[in-house]
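Peer 1: Sequence:
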Amino acid sequence: MKKREVRSFNGKLSGFSLQIIPFSEVRDLSINDRVRKILKLVLSNKIIILQGKLRAEEEIRLIEDTMAMVDHVKNFRGIELAVIEPDMSNPTFMQKFKRNLAKSLVGHSNSLTVIGPAAIVKEIKRDPSKIEVMLGNN
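Numbering (our numbering), first residue to last: 41 to 178.
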C-alpha cells in the first residue's frame with residue numbers, strides 16, 4: 041500500500057473565494073455584459089467556475105479587455121482560464137445527434153470553465169476528465 045504524503049501549507053493565501061455561476065445566469069447576457077461580469081468578479085479576487093463555455097468571440101474579448109487592464113489596474117496581472125468538456129472521442133451517431141441537439145437548444149452548458157486572477161491562480165492543468173488549479177500568493 042502506498043503512503044500518501046501530507047504537506048502543510050505555511051504560507052498565507054487569503055483574500056479569494058470561489059463563485060459558481062450557473063449557465064442560466066449568463067445565458068441572456070450580451071458579450072459586453074458577460075465579459076464585464078467576469079472581470080468584475082476576477083478583480084475582486086474570485087475564482088469563477090462557470091457552467092458552460094464562452095463562445096470564441098467572448099473569450100477573445102475577455103482576453104483583449106484583460107490585456108488592456110494589466111498596465112492600468114494596480115496589482116492586476118491578468119487571468120488564467122481553462123475549459124473542461126465531456127470526452128466525446130468516439131461518439132455513436134445517436135450521441136452526436138443528442139449532443140448537437142442539446143448544444144443548439146442550450147449552448148455549451150455541459151462544459152465547465154474556470155477563470156481566476158493570475159495573481160492567485162498560478163497554473164491550471166487539465167486533462168479530459170479533470171482540472172487542477174494551482175494556487176499561489178505572489
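In short, the hints are calculated from the structure, not lab data. Check before you lean on any hint, since a few could be wrong.
[Said to hold, decoys possible] With a Cα cut of at most 30 Å, we get these calculated DSSO-like pairs of lysine-lysine:
hint: 1; residue 1: 165; residue 2: 138
hint: 2; residue 1: 114; residue 2: 93
hint: 3; residue 1: 165; residue 2: 114
hint: 4; residue 1: 138; residue 2: 80
hint: 5; residue 1: 136; residue 2: 93
hint: 6; residue 1: 86; residue 2: 136
hint: 7; residue 1: 138; residue 2: 86
hint: 8; residue 1: 80; residue 2: 136
hint: 9; residue 1: 86; residue 2: 165
hint: 10; residue 1: 114; residue 2: 80
hint: 11; residue 1: 80; residue 2: 93
hint: 12; residue 1: 162; residue 2: 80
hint: 13; residue 1: 86; residue 2: 114
hint: 14; residue 1: 77; residue 2: 114
hint: 15; residue 1: 136; residue 2: 165
hint: 16; residue 1: 114; residue 2: 162
hint: 17; residue 1: 93; residue 2: 138
hint: 18; residue 1: 93; residue 2: 162
hint: 19; residue 1: 93; residue 2: 77
hint: 20; residue 1: 165; residue 2: 80
Peer 1: Confirm or reject each hint.
Peer 2: Hint check results:
{"no.": "1", "hint": "165 to 138", "verdict": "holds, 29 Å"}
{"no.": "2", "hint": "114 to 93", "verdict": "holds, 29 Å"}
{"no.": "3", "hint": "165 to 114", "verdict": "holds, 27 Å"}
{"no.": "4", "hint": "138 to 80", "verdict": "violated, 35 Å"}
{"no.": "5", "hint": "136 to 93", "verdict": "holds, 18 Å"}
{"no.": "6", "hint": "86 to 136", "verdict": "violated, 35 Å"}
{"no.": "7", "hint": "138 to 86", "verdict": "violated, 34 Å"}
{"no.": "8", "hint": "80 to 136", "verdict": "violated, 36 Å"}
{"no.": "9", "hint": "86 to 165", "verdict": "holds, 18 Å"}
{"no.": "10", "hint": "114 to 80", "verdict": "holds, 14 Å"}
{"no.": "11", "hint": "80 to 93", "verdict": "holds, 18 Å"}
{"no.": "12", "hint": "162 to 80", "verdict": "holds, 19 Å"}
{"no.": "13", "hint": "86 to 114", "verdict": "holds, 16 Å"}
{"no.": "14", "hint": "77 to 114", "verdict": "holds, 19 Å"}
{"no.": "15", "hint": "136 to 165", "verdict": "holds, 27 Å"}
{"no.": "16", "hint": "114 to 162", "verdict": "holds, 18 Å"}
{"no.": "17", "hint": "93 to 138", "verdict": "holds, 18 Å"}
{"no.": "18", "hint": "93 to 162", "verdict": "holds, 21 Å"}
{"no.": "19", "hint": "93 to 77", "verdict": "holds, 15 Å"}
{"no.": "20", "hint": "165 to 80", "verdict": "holds, 24 Å"}
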